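Engineer: Chain by chain, the residues:
Number of protein chains: 2
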Amino acid sequence: MTTFTPTERTRVKRLPDRGKYDLETVFSILDEGFVCHVGFVVDGQPYVIPTGYARAGDKLYIHGSAASRMLRTLAGGVQVCVTVTLVDGIVVARSAFHSSMNYRSVVILGRATLITDPEEKAKAFEAITEHIIPGRWAEVRRPTEPEMKQTAVLVLPLEEVSAKIRTGGPKDDEEDYALPIWAGVLPLPVVPGAPIPDSRLPATVEIPGYISHYKRPRNGHRPL
Amino acid sequence: MTTFTPTERTRVKRLPDRGKYDLETVFSILDEGFVCHVGFVVDGQPYVIPTGYARAGDKLYIHGSAASRMLRTLAGGVQVCVTVTLVDGIVVARSAFHSSMNYRSVVILGRATLITDPEEKAKAFEAITEHIIPGRWAEVRRPTEPEMKQTAVLVLPLEEVSAKIRTGGPKDDEEDYALPIWAGVLPLPVVPGAPIPDSRLPATVEIPGYISHYKRPRNGHRPL
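Protein chains in written order, with our numbering: chain A, 254 to 477; chain B, 254 to 477.
Simulated from the structure, these hints should not be mistaken for lab results. Bear in mind the structure is a predicted one, so any value in this text is a computation, not a measurement. Think of the CB as a built atom: it goes at the ideal place given N, C-alpha and C, for glycine as much as any other residue. A couple of the hints might just be wrong.
Unchecked claim - So, partial list: chain A residues that the calculated Cβ filter (under 7 Å) puts toward chain B:
id, residue
1, Gly-292
2, Val-294
3, Arg-347
4, Thr-382
5, Glu-400
6, Gly-422
7, Pro-433
8, Trp-435
Take these sequences, add in the hints, and give me the full structure.
Structural biologist: Right, here's the structure in full:
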């Protein structure tokens, strides 16, 4: 499989040119981001909760600290929507109407289930740790059994998925190009700052390269 | 009113110390962010869509290009959850279990309604433009009547609202502090890049200060 099949629910209808369904695009967005917004419904009320995640092959692991509320309603699978959004910049058009944002987003629909198998759960912890800080798993103090039990991890199959992307400069109405109004793009990248060592860190512990050279993978992804 | 009253639905139950309900905190997060995630339900399926927004007093205006799907289900008010999340950094703890993120988020529950009054709609356009690029409204080519009709704006009262915040360094288990593992915080600020002028921009049009000195208001907000 190299592309997702859009469904009636995932096909991008407004501005269909922005819709993308190929794995390459979808996975590169999921692998660059590390915070998702999980939507679920309780008593007809939608809730949207930010949390960490990782992709492993064609599955998404979602850190369960998201919401005990979600866990309470979990009984073998609850309908969720998981959205990952990367904001790349502000599109400054001459008109307010055509002003926009450059962004890349992925929307995943499906049923998330709680991981109960301890082996898969351990794999999910590793995936999430490595997704957020590649290289960390080899050094970090790993979860104990009681810690594993305290944290829930959900798994969501990547089946009903679409991406939406906007790139490039403003697209103004032809007559507006003559106006003496500045237009262009203001990039808004996430730029890692200088790492702040913990106040109790011994001076003998050096900063690892995966922290001092931290960056998100841009337009790339781990193996399909 | 200086604080929101938490309800059964908005009170932060997991890690209650992170829950904040004062207007100062909530408004500063809403005023610093400019992309929200809107959650709504169609046929039992939640959808989570990223879109632009602005706060004006005790109302949130949501840019309606979000989802025609949402508009189709709008009949005088649909239950939504609007979440704004600012990711401030990665908390690198000695243990995987205590590793975390520094973030500030706001969750708003309520019923969004379509703005039909042209005057309020114009006000909402101005608020959204000014929220994303303060200073822009005075220069931009304003929306025409047909443009206004093509764009929907939703309004959501700020009534059932909570914020959740994590700041500071890692909190490791006492026995883990002796481990020779680097720990601290990796800040992940959004840093505006050099503005990219539109390829058709005449050389005579200078870059305005609100673009060249663009920054989000940090820990501040517009009048309550």
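Engineer: Are the hints correct? Go through all of them and say.
Structural biologist: Structure-based check of all given hints:
1. For A:Gly-292, the shortest C-beta to C-beta distance to chain B is roughly 4 Å, which falls under 7 Å, so the interface hint holds.
2. Nearest Cβ of chain B to the Cβ of A:Val-294: about 5 Å, under the 7 Å cut. The hint holds.
3. Annotation: interface hint on A:Arg-347 holds; nearest CB of chain B at approximately 5 Å, less than 7 Å.
4. Interface restraint check for A:Thr-382: the shortest CB-CB distance to chain B comes to about 5 Å, inside 7 Å, so the restraint holds.
5. For A:Glu-400, the interface hint holds, since its Cβ comes within 7 Å of a Cβ in chain B; the closest pair sits about 4 Å apart.
6. Here the hint on A:Gly-422 is kept, as its CB sits about 5 Å from the closest CB of chain B, short of 7 Å.
7. Using the Cβ-Cβ criterion of 7 Å, the hint placing A:Pro-433 at the interface with chain B is satisfied: the shortest such distance is roughly 5 Å.
8. The beta carbon of A:Trp-435 comes within 5 Å of a beta carbon in chain B, closer than 7 Å, and the hint placing it at the interface holds.
No hint from the list above goes unmet by this structure.
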